[in-house]
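Student: So the chains spell out like this:
There are 2 protein chains.
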Amino acid sequence: MSPKITTELLKQLRQVMKSPRYVQEPVQAYIVPSGDAHQSEYIAPCDCRRAFISGFDGSAGTAIVTEQHAAMWTDGRYFLQAAHQMDSNWTLMKMGLKDTPTQEDWLVSVLPEGSKVGVDPFIIPADQWKRMSKALRSAGHDLVPVKENLINTIWTDCPQRPCKPLITLDLSYTGVSWRDKIVALRSKMAERKVMWFVVTALDEVAWLFNLRGSDVEYNPVFFAYAVIGMNTIRLFIDGDRMMDPAVRDHLQLDSTLEPEFKIQVMPYGSILSELQAVGAGLSPKEKVWLSDKASYALTEAIPKAYRYLTPYTPICIAKAVKNAAETEGMRRAHIKDAVALCELFNWLEKEVPKGTVTEIVAADKAEEFRSQQKDFVELSFATISSTGPNGAIIHYKPVPETNRTLSVNEIYLLDSGAQYKDGTTDVTRTMHFGIPSAYEKECFTYVLKGHIAVSAAIFPNGTKGHLLDSFARSALWDCGLDYLHGTGHGVGSFLNVHEGPCGISYKTFADEPLEAGMIVSDEPGYYEDGSFGIRIENVVLVIPAETKYNFKNRGSLTFEPLTLVPIQTKMIDVNLLTEKECNWVNEYHQKCREVVGAELERQGRHEALRWLLRETEPLARVQ
Amino acid sequence: MSPKITTELLKQLRQVMKSPRYVQEPVQAYIVPSGDAHQSEYIAPCDCRRAFISGFDGSAGTAIVTEQHAAMWTDGRYFLQAAHQMDSNWTLMKMGLKDTPTQEDWLVSVLPEGSKVGVDPFIIPADQWKRMSKALRSAGHDLVPVKENLINTIWTDCPQRPCKPLITLDLSYTGVSWRDKIVALRSKMAERKVMWFVVTALDEVAWLFNLRGSDVEYNPVFFAYAVIGMNTIRLFIDGDRMMDPAVRDHLQLDSTLEPEFKIQVMPYGSILSELQAVGAGLSPKEKVWLSDKASYALTEAIPKAYRYLTPYTPICIAKAVKNAAETEGMRRAHIKDAVALCELFNWLEKEVPKGTVTEIVAADKAEEFRSQQKDFVELSFATISSTGPNGAIIHYKPVPETNRTLSVNEIYLLDSGAQYKDGTTDVTRTMHFGIPSAYEKECFTYVLKGHIAVSAAIFPNGTKGHLLDSFARSALWDCGLDYLHGTGHGVGSFLNVHEGPCGISYKTFADEPLEAGMIVSDEPGYYEDGSFGIRIENVVLVIPAETKYNFKNRGSLTFEPLTLVPIQTKMIDVNLLTEKECNWVNEYHQKCREVVGAELERQGRHEALRWLLRETEPLARVQ
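Protein chains in written order, with UniProt numbering: chain A, 1 to 623; chain B, 1 to 623.
This is chain A alone, in the form it adopts within the complex (with noise of 0.2 Å):
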C-alpha cells in the first residue's frame, strides 16, 4: 500500500479556497467530511471527497486543509490505514487519544486572527455545524458555507452520481402501501403540530415509497428527497427512472389520485430552492419537521422558529418496526441464508485441510453460495473474512495484500450477511477446521453466554437496549476479558444492514425503547490481538415474552432469533455453560435442523443437510 500523492491537489485546493469565483471572501482552511448529503453511513464513489483528496479512503475521517496544514482526524480502527495511505503532506490526528486536539481547537491554534472555515452545507449535518461555528466564533473565527463543494472543483475526474433503475416492492413484501405509510405519518405530523416534514435520509425514501434501488454499494437506496406536506407530496429525484411503467404505476403517477396522495416528481438538485419557498410561505405556527442530522443547508432553508428537530424522524421509528409481512420476508431470507452458510461451512471443512483456501476465496464462496438463493440481490455489506490474527481486527476486509490462507491450526471468523428482496440478514460464526486449544474454547464459551444472555434476556416493555449490554459481557468480565464494540444494531427488512433507532451498546444513550417487532443483533466477540477474533452474532426479533407476572401488565419481551445457522458445538467448553444455557444451545439447534433442514431437503442439497445434522447433535453436559 503506496500513499497518495497529494501535493498538487492540496497545491489546486488551496488555490480555489482563494478563488472569488468559489468563495466571496477567501477561506483560510476547509474542511472536508465523510459523508454524503445524506449522513449516509455507506457512501456512492462520487462522495468520496476526503478519501479523493487525501488518499484515505477508511470509513471514518475528516479532513482539514488550511494553508500551511493538511489533518486528518479518524479513530482507532483506522490508525494504521490512514498511516499508509496518506503522504507526508497529511498530519494524522489520532482520536480517542489523550493528547490529540479536537478538529476546532486545532483550528484556534493554527488559524490567523479572524479566520473564515469554509464547508460544503450540504455535507455537513445541522448538529455539527452548531457546535463547530460556536467554538470558531467565541475564538474569534467564522464557519461559513461554501455552496460550491471545492473538493468537486478539482476533482476533474470524479464519477457521475449513480442514477441506477428501481425496484418495486409490493404489499406481499411491505405489509403496508406507501399511501397508507403517508397517512400514517400525516396523523404523526398533527400530532406534534407540524405541516411539513423533509425526508432527508436514503433510507427513508426508500422505505416510505416502497422503493429501492442500487445506487449505493450493498445498501439498496437511490439518491432523493422528499418533502411531505398535510396535501402535498414532493419527491425530488433524478434520471428517466420515473420514466419505467413499473414505477409510474406503483407510484400511480398516471392515475386520478385524491391531490393529497399525488405525487409531485422534481428534480433532486431542486430540493434547496423548493425548500426555501416552502419556508418563505410559511404562516405563524406552521412547523416544518427535519432531523437534527439533516444537513447544514436544508434545515437553515426553513426559518429558525419554524423548525422542528427530532433526534430521530418518525418514519425511522415506524420502519424499525416490522410488520408480519416484514418479519416473515426476513425469516424466509435467514432460512434461504443459513442454507448458503451450510453449504460453505460444508464446503470449507472439506477444502481448508488442503491449503487453498485464502480469506478472499472463503468470501468469494460465500457470495457464489448466497447468489444462488431466490430473490438475492447483493451482499449487505463487504464480508469480514478473517482467519489467525486478522480475525483480531474488528473491522478486517481481506486485500491482496492481507490475504491469509484458513488451516487447520486457526480460528476462522465469518461476518457477512445479504440483501434479498424480502429481508436483509448478518451472521457471524466463528469455526475451527482443526482441534481448538483449551483457551480458544474458553475465550468462545465465555462470548456464547454472552450471546445467550441477551438472546434469552426478558425485560419490561420501554426497555432500552442499552440496558441490556452488560449481560453480554458478564461471562466475559468474570474472567477478566472484554470486546470493545457495541453488542448489537438495528437491522432493515431489505434496507441498511445497520439502521436506528434501536441497539444495544454501552455507547447509546440515545436509543429509543426496544419494541415487539424491532429487530436487532446480538453479536458479542472476544479478541486476542496478534491470535484471533471470535464473535456469534445472530439477528434477533423482538417478541413478546411470557413471564410469571407479567410487570403487573405492564407487559415483557424477549428475543427470538431469525439467523439459524449451527454454533460450531467444537468451540465450547460444555463444563462452562449451566444447564439452562446448554439447554439453550439444544434447543436452537433443534429449530436449525428442523427449518433450515428442510430448506435443504427442498433444495436437494443432501451434503449439507448431513452437515448440519452432524454439526447440531445435542450437547451433554456431564453431570
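Source of the hints: derived by calculation from the structure; they are not laboratory data.
There may be inaccurate statements among the hints.
It does not matter which identical chain is meant; a pair holds if it fits inside one copy or across any two.
Claimed, not checked - Keeping only pairs whose Cα atoms sit at most 16 Å apart, straight-line, the calculated EDC-like set for lysine to aspartate or glutamate is: (1) K354 - D375; (2) K116 - E594; (3) K421 - E328; (4) K580 - D478; (5) K18 - E515; (6) K548 - E528; (7) K98 - E191; (8) K285 - D105; (9) K18 - D254; (10) K552 - E528.
Computed from a prediction, not measured in an experiment: that's the story for all the values here.
Following the hints, put chain B in place on chain A, whose structure we already have.
Tutor: Chain B in isolation, oriented as in the chain A frame:
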C-alpha cells in the same frame, strides 16, 4: 391533614410582584422553586419558600404564581400529599402524566403578550435558567431576575438562616489536610487552564476545608461559599463561627502562612459582589470554573467568555474517591451501625408479638441504639420505617396519621442510617417476625439475587455504574417483576448520604466511571402496592478485583460490602439460589459474625450477639 389557606398570602405576593420597591417593572408571573442557593437536596427551614407559599412540603416541587393562577408541579411520589396540603387557590400539575403541560408551555398559554416572568437568580440553577429563558423568549416573554426574593418580603415569621457551630476534622478522619486538597485542586485548575474555581455546593465547601456543620438536617454542612484562586483562598461564611479557637487553629487563620494558603474570611452575603469584582478584573484567557448547576446569579457574575462550566466539579470527583483514612472510618461507622441494628432487630423480635411497636416507635428505637455508639452525630436521613402496605410507598416516612403497628403477619421494611464522625451509613433490611408466605419469600429471593449480582459483579476499570443496573433486575425480570427506582447512589464520608458523581441507575447517563475507593449503595427492591415492600440495601466500597486474565492489565473492579447486618434467612427461598449465590450469603454472614460479633462482644451486648449468631447460621441448599 388540612390544607394551608393561602388566599391572603397569594394576594400579598401578587402585590409585591407589581411593587416598584422590589421589581423594576411588574412581573406577570413569579416562579418559586424548591431549592436553596446551593442547589442542595435537603434544605433548611428558612429556604422552604415553596412550602410556605403553598402549604405543600414534599421534597420536590415548583410553584408558579400569576395574576390569575397559582400552579404547582410535582412528581408521582407527591400527587396525593400535594392535593391534601394545598387549598383551592392551587392547581396541581402532575408531572409525568401525558397531558400535563411543562412550566414553560403553561406560562405561554396563560400569560398576556410580552409578559415578564420573575425568579430569584440565586435559587435557579444556570442550566435551568437557560432552558426556561429560551422557551419564554421564543414566545415573546422575558425571564427576569428579581434580586430580592419576593417570598421573603411577605414571609414575616421566616426562620433565621441557621448558623450553628462548626466541627473540625483532623487528619485521622480526613486523611488529607485542607492545604493538600487546595494544592490538588489548583493542579486540576492548571490542567484545565482556569485561574479561579467557585465552590457553590455545601458539601464541597465542607469537604474542601475538612469542616462539618449542622445547618441542614441530616447533612453535616454549613452555609458558605468559597472562591479559590491560584494564589488566594476566600471563604464566605457568616456568624461568629470563625471566632471559635478550634476553627481558627484548624484553618490556621492566625498563623503566618505562605500567602497562597492564607484564608480570607468574608461575609456569606458578599459572594456576589466579590465574584463580580473577580469577573471584572479578568485578563483574556483567564477562565473561571463553576458547576453548571451553580445559580444563575453567580454564573452571570462572570462574563460568558470567561466561564468554564462542567457538570461535575473537580471537588465532587475527588470527594467521591475515599482515601484510606476515610475508608477505615466508613468501616468503623458501619460496624457500629450494625451493632445498633442487631440490638434493634433482637428487641423487635421480642416486642413485635406484643402488638405495641408502631413504625414510629421502631424508628425511635433505631435512633436510640445508634445514639449509643461512639461519635454518633445525627441520622443521615429521615428513617423509612414501614410495615405491610406502607412498605410499598418507596419514600414513606411514618407520621401519626399513617403510623401502623408492626405485627407477626406483615413484612417490615427499615431503611435508615446515621452520621458518625467517622462515616455515613445507609442500610435497608426487610424482616418478617412471623411466617412469611411463599410469594413473599419468592419476591425477597429475587431481590436478594439482584443485590448479589451487583455486589459480586466484576467489571473493567472505566465502567460506569449505570451499566450494572440491569444486573440487579435480571432475576426479577425473568419472572415479570421490576422496581421503579435506581439501584444505587454515591455516599459521602460523614457527609451527604446522596452524592455524585457515581451511581447505579437506568436513569443516570451522566455518571462518572466507578473507581476504586468510591462508595455507593446497592439497593434493589420489589413493591407490591397495597401489600408489602422489599428492599435489601448495603453500602459497598469499590475495590480492585482479581480476575484470571485481568483485562490485559486494564485492571478490574468489584464491590466489598461495608454494611454488615444479617439478611434475614427466614425470608430466603434457598432453592431459588444458585450455589454461587448461596456461598455469597454464607460468606457475607460469616463476615458479619466475625466483625460485628467481635464488636458486640467488646461492647458486652451478649443478647444481641446471640441474635447475630442465630441469624447468621449458614444456608444449606437442597441438592
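Student: All the hints need checking, so say for each whether the structure fits it.
Tutor: Do the hints match the structure? See the list:
1. In the homo-oligomer, the alpha carbons of K354 and D375 never lie at most 16 Å apart, since the shortest distance is 33 Å inside one protomer and 78 Å across protomers.
2. Taking the shortest alpha-carbon separations for K116 and E594, neither the intra-copy value of 65 Å nor the inter-copy value of 71 Å comes in at or below 16 Å.
3. When the C-alpha separation of K421 and E328 is checked against a cutoff of 16 Å, the pair qualifies only within one copy, where the shortest distance is 12 Å, while the shortest distance between copies is 65 Å.
4. Taking the shortest alpha-carbon separations for K580 and D478, only the inter-copy value of 13 Å comes in at or below 16 Å, while the best intra-copy value is 19 Å.
5. In this assembly of identical chains, the alpha carbons of K18 and E515 never lie at most 16 Å apart, being 52 Å within a copy and 51 Å across copies at closest.
6. Taking the closest pair of Cα atoms, K548 and E528 come within 16 Å of each other only across two copies (15 Å); inside a single copy the shortest separation is 41 Å, beyond that limit.
7. Taking the shortest Cα distances, K98 and E191 sit within 16 Å of each other only across copies (13 Å), while inside one copy they are farther apart (45 Å).
8. Taking CA atoms no more than 16 Å apart as the test, K285 paired with D105 passes between copies only; the shortest distance there is 14 Å, against 39 Å inside one copy.
9. Taking the shortest Cα distances, K18 and D254 never come within 16 Å of each other, neither inside one copy (49 Å) nor across copies (66 Å).
10. Taking CA atoms no more than 16 Å apart as the test, K552 paired with E528 passes between copies only; the shortest distance there is 10 Å, against 45 Å inside one copy.
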